[in-house]
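Read top to bottom, the protein sequences are chains H and F.
Reminder that position 40 of the first sequence reads as 40 in this note's numbering, one-by-one numbering, no gaps.
Reminder that position 177 of the second sequence reads as 177 in this note's numbering, one-by-one numbering, no gaps.
Because the hints were derived from the structure by calculation, they are not lab data.
Being a predicted model, the structure only gives us computed values, none of them experimental.
Some hints here could point you the wrong way.
A few chain H residues that face chain F, going by a derived Cβ cut-off under 7 Å, partial list only [stated by the list, open to error]: (1) L216; (2) L243; (3) V266.
Every residue gets a Cβ at the ideal spot worked out from N, C-alpha and C, and that includes glycine.
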Amino acid sequence: MPAGDLGPGRLMLAAFARNWQARIGAGTIIALALFCFAGPLLYRTNQVTVNLNLKDLAPGGSHPLGTDDTGYDVLGRLMLAGQSSLELGFTVAIATTVLGTAYGAVAGLAGGISDAIMMRVIDTLLAIPWLVLLLIMVNIFPPSLWTIIALLTVLSWLGVARLVRGEVISLRAREFVLAARTMGAGTSRILATHMIPNAIGVIIVSATFSVADSILALSTLSFLGLGLPPPHTDWGTMLTSGLDDLFNGYWWLVYPPAAILIVTIVAFSLAGDAIRDSLDARLRR
Amino acid sequence: MTGYLARRVGQAVVVVIGVMIVTFILIHLEPGSVARSILGIRATSDRIAIFNATYGLNQPLYRQLISYVEQVAHGNLGTSYYLQQPVSGLFAQRLPRDLLLLGASTVLALLLSLPMGIYQAVRRGGIADNLLGAASFTLYCMPAFWIAVMLVALLAIQTHVFLPEAPSGTSVGSMLAQPRALALPVLTLTLVQVSGFSRYMRSAAIDVLAQDFLRVARAKGLPERLVLSRHVLRNALLPVVTIVGLSLPGLVTGAIVVEEVFNYQGMGLLFFDAATHHDFPVLLGSTLIVGVATVAGSLLADIAYALLDPRIRYASR
């Protein structure tokens, strides 16, 4: 039986049925999304005008997590910052996956000299550490949400492309693909009905990790002062500006953004691991 | 093996040339003139013309690239626009410090993660395995700057065990003489690496533990200690060799962050400053060095793998 008997939806369901880590990961992701996107509807705060009378208030009363150095409510700010972080993570993951899958599939199907050239391009870009490339590019293009999304995408599709190419090459020689080809199926049909559905597991796993990686990368950029420009904010920016006040004892500016940032990355990584495990289990059967 | 090696070295050379071209094109995409950003907004057009002529920036891009490649082939990496010093001299000063930082942290990370991974594999599914697994997983998910800042808060500010800033000396000898200052940068990069290495070590050891020769080793009465050190460790080391070879780009990223946090005067900080000051020769030179090191790392990993495991013979196509 070809390995393509499980669609992406069924694959995820199988992962969740078998694996508690997947359930924790997915549950946390849903909770985080609700917190960031539905939270502001229930918990309304002023995140627009600076109010220095409310500067650096400790948690309590009408500010459960206190206020920051410009008087913004920290809990409300976490929601707003999370929107940018999650939007960026998902957008980069989707763009990366589409770009990487297309590139990898073309390279794997083309084979020969085109494949060799396409892979050397990837080797070249992978030989430069991502932060090195990013630092060069961030200084060239003016920082904005979309520039950073584009830059992170340009840097992170390489891994997916390699994975998909490997899958396509190994699938190319399988009997059911040869059979389809013998029956006269064209390249695009084989790609759409046999290759992509069979490689979908690998693609989903790498997309899940890609969300975690891009949120992590954004936080590192923010720490280096090259993150999203104001009025945007993200968890990394909040954490970085909070760190200035860590030794003043304003713990509520540091630990909440750090915790939510790490929990988010852990959740996506757990989900990615779990889906991969269920994929391995399927291949082993 | 020889054919395979020749092919791999050929690929490596292509990749290094590619790194050079990509970086060269990237930094020249910069809008506005370099001269303007180096000399400032008040520079006269005469001065800008002199600057451009001095550094050959008035020539077409492909001419600049060719003359840069010629220069590099003669071992000359150019002069820093911003610091007005030869790039090779700057690197000679900085590289040893990075070898110290990266080398010490990698060795420490291996010393910690090898026994940890084997222990977890032997006690697979137990409480210790789960706790260590969760700890290294969480560590893996933390930004490097967060690990660094937490170590400073814990070990330098609250308990004064170590110093919050990197050693100030210029030579490796004088840096080694200040272990309290050196400890935290090294420890941060160690923790960043332990999380990755120990996961690989654990899964490699689990694979080895399932092999028949271990049953033989135990059946002939070999003490468990020897089983683990002679059979499990040696065989599980193989994939780790590859991971160490391939981990260099990630390590460089970590080093940039760590050097920024601790003001550690290494290549990472030099690069970071060069990126903000549009210092092309330094940017090009450091990217080139990292590219060469990365390619060499993966090449060495392949060769080491073949030398350590006689079962592996690369087909020379």
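Subject >> Index of numbered hints that the structure contradicts, given in increasing order >> reply: none
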